[in-house]
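In order, the protein sequence lines correspond to chains A and B. Mapped onto the numbering used here, the consecutive letters of the first sequence carry residue numbers 1 to 337. Mapped onto the numbering used here, the consecutive letters of the second sequence carry residue numbers 1001 to 1331.
Any given hint could turn out to be false.
As the list claims (entries may be wrong) - Going by beta-carbon spacing under 8 Å, a handful of chain B positions derived as facing chain A:
id, residue
1, Val1127
2, Gly1132
3, Glu1134
4, Thr1142
5, Pro1221
6, Asn1297
7, Val1323
8, Arg1325
FYI, nobody ran anything at the bench for these hints, they're computed from the structure. Ideal Cβ placement from N, Cα and C applies to all residues, glycine included.
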Amino acid sequence: MRAAARATLDKRYLDAWFLGAMTVGAIVLFRLIEPSWLNSQTLQSIVTQNGPLAIVAMAMTFSIVSRHIDLSPGSMLALSGVVAGVVYRDHGSLALGLVAALGICLASGLASGIFVARLGLNAIMVTLATYIWARGLALGFTNGDPIVVDTSLTSVVNHTVGGFTIVAPLVLGVYLAGWFTLSRTRFGRYTHAMGGDPLGARRAGIRVGLYTTLIFVLMGVATWLASMIVVGQLASAQPYAAPSLELDAIIAVIIGGTRLAGGEGNVGRTLLGVAFISILNSGLLNLGLTDAYYQAYKGAALLAVLSAQILLRRRIAEDVRRRQEHERLLAEARGYA
Amino acid sequence: MAVEARAAAAAGAAQTPLERLRPFAEAFGTLAVAGLLLLAFGLTSSVFLEAANLRNILVQITVVAVAAIGETIVMLAGGLDLSVGANVLFGSVVAADLAVRQSLPLWFAIPVGIAASAGIGLLNGVVSAVIGIEPILATLGTFLVAAGLAKIILHSSWIVVDSSFFADFVQTKVFWQLPVMVIAMLGLYAAASLLMRATPFGRSIYAIGGNPAAARIAGLPTTRVRIAAFALAGAFAGMAGVLQIGQLGIVSSGNTTGLEFQAITAALIGGLSVSAGGVGRVERTLLGAVIVGMIANYQTIRGVPPNYQQALLGGILLLAILVDRLIRGRA
Chain A
1 MRAAARATLD KRYLDAWFLG AMTVGAIVLF RLIEPSWLNS QTLQSIVTQN GPLAIVAMAM
61 TFSIVSRHID LSPGSMLALS GVVAGVVYRD HGSLALGLVA ALGICLASGL ASGIFVARLG
121 LNAIMVTLAT YIWARGLALG FTNGDPIVVD TSLTSVVNHT VGGFTIVAPL VLGVYLAGWF
181 TLSRTRFGRY THAMGGDPLG ARRAGIRVGL YTTLIFVLMG VATWLASMIV VGQLASAQPY
241 AAPSLELDAI IAVIIGGTRL AGGEGNVGRT LLGVAFISIL NSGLLNLGLT DAYYQAYKGA
301 ALLAVLSAQI LLRRRIAEDV RRRQEHERLL AEARGYA
Chain B
1001 MAVEARAAAA AGAAQTPLER LRPFAEAFGT LAVAGLLLLA FGLTSSVFLE AANLRNILVQ
1061 ITVVAVAAIG ETIVMLAGGL DLSVGANVLF GSVVAADLAV RQSLPLWFAI PVGIAASAGI
1121 GLLNGVVSAV IGIEPILATL GTFLVAAGLA KIILHSSWIV VDSSFFADFV QTKVFWQLPV
1181 MVIAMLGLYA AASLLMRATP FGRSIYAIGG NPAAARIAGL PTTRVRIAAF ALAGAFAGMA
1241 GVLQIGQLGI VSSGNTTGLE FQAITAALIG GLSVSAGGVG RVERTLLGAV IVGMIANYQT
1301 IRGVPPNYQQ ALLGGILLLA ILVDRLIRGR A
């Protein structure tokens, strides 16, 4: 009995162990190929560069746990930055730009939330539409050219503490808040319930419409925060910014072990997923590959990791099932004796 | 008898006018939208209704429309294929590389290009149906693989295809002054429509998309049919790639950016059920592609910059999903 209990306990952390092993494996592999890679400086730049991804992935965890998905953050990040840039350029006020950008992110999140929660539209399709129109507007407002935003934002974002930029503590804060909200508050509990059994959640009296809308608004806020970091780091608003941010964020959440079917997951796993994606991106880019090889290797690596994860999960489930069957038979045999 | 008749009459009376219109709207709604747009655009622009411009729209939508056949089949089976755009590029790159750089005969290069795309589709099918990765994630992985492989073969360059065979896709007119590639598109739609309506394979795709568990219990080979659906989608992507060589005369890595989303939009505007598989018709996707093509063409005539055209496409997609919901009612 105790062995079976231990097996189920281990199973809970299986995804984390697996991903940890994969991350260490990737680090070792990249170090073998390129020994100079990953010193304290690379580590700092990885954290700085992937801060926006980490923040968006935190909000994506809420979205996926509630059995939705959000394809909008990449395009919205670009649009949010462009709006801030255009307002700053035309009115000279950074504060006004920040507020305008927050406004557009909140409005888009609210609209998606209402479309999904009140009208029952499919989240993939609604946010796919945002993915298309937001990028179109970002490109249209700027004619595809970046806008220089050389302001105090840049010095704030690049301010370093102990070698790490301000982005590192910010990400840590976001994840602590996300962890607390998802696992310790009513909002988090309802997020799990809605993802696990949407109809049941509604029948239990949970205001599904309200909380679903909140989840999309949360993504709006996260996207805004990430876009301000990007604008600060680049000292400009780029209409082509974050071309596949949403895809990296989704992959980070899923590789972290959160199921696409919803109902379970936590932000700690997502942070581990972000770490893996960041290491993979940084390691591949460090090899000096062209865009072509980078894409091909990244795609193959993602397919391999996702496949291995699912096969391992299935194997363990089969193992547990067989052990339970064995114990049931043993108990039966004892009954006869 | 009388009671039953009265009950039936009561049920009929209980239907609101909108509910009675519903089956009709589902069948002819998209056609009505296309007709209205044609009328509106024709009245507000002098060039729009010219035969040359209408023919031009058909040529412009051909590549997306052919790729959208495969996307529709996958979506009908309850999946989603994000790799279509990269796969169109992959097929065209393989065919062009073999034909131009390796100077191999076309009867070899073109089938190999289509087979290469079908291979990516097969990979999609295996990782999603056999291993069990969600289609949206699996096809995201193969999207990267296909785009990467295509760019590797291209050597960060492009291939100019100067061949009379490919040029004839656009230049040779068959009837009503329609070029070969448009006829090919219509033929492929006819074949796909027949496949989905009249063959066991087509019917089992509807069954699996509509209710996978019931389809499995009924004894359908769900895994094999799903793999075949993805492989077929890959083959259609390859054919779209070959047609694109004819249309553009040059193969470069930017040719297919965002094509998968145009294909999905065409399928959705054509009235494919958004939330689940099992509802929709392949031939209506052609109508969806025509609508998207008409809107893009009209915007170009009116001088709307391409970036804002993209923004409007997103808005139109949102509108299509909303109308779909209004017609079908809440799920």
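So, going through the hints one by one against the coordinates:
{"no.": "1", "hint": "Val1127", "verdict": "holds, 6 Å"}
{"no.": "2", "hint": "Gly1132", "verdict": "holds, 5 Å"}
{"no.": "3", "hint": "Glu1134", "verdict": "holds, 5 Å"}
{"no.": "4", "hint": "Thr1142", "verdict": "holds, 7 Å"}
{"no.": "5", "hint": "Pro1221", "verdict": "violated, 20 Å"}
{"no.": "6", "hint": "Asn1297", "verdict": "violated, 17 Å"}
{"no.": "7", "hint": "Val1323", "verdict": "violated, 11 Å"}
{"no.": "8", "hint": "Arg1325", "verdict": "holds, 6 Å"}
In the structure shown, a violation is registered for the earlier hints numbered 5, 6 and 7, in ascending order.
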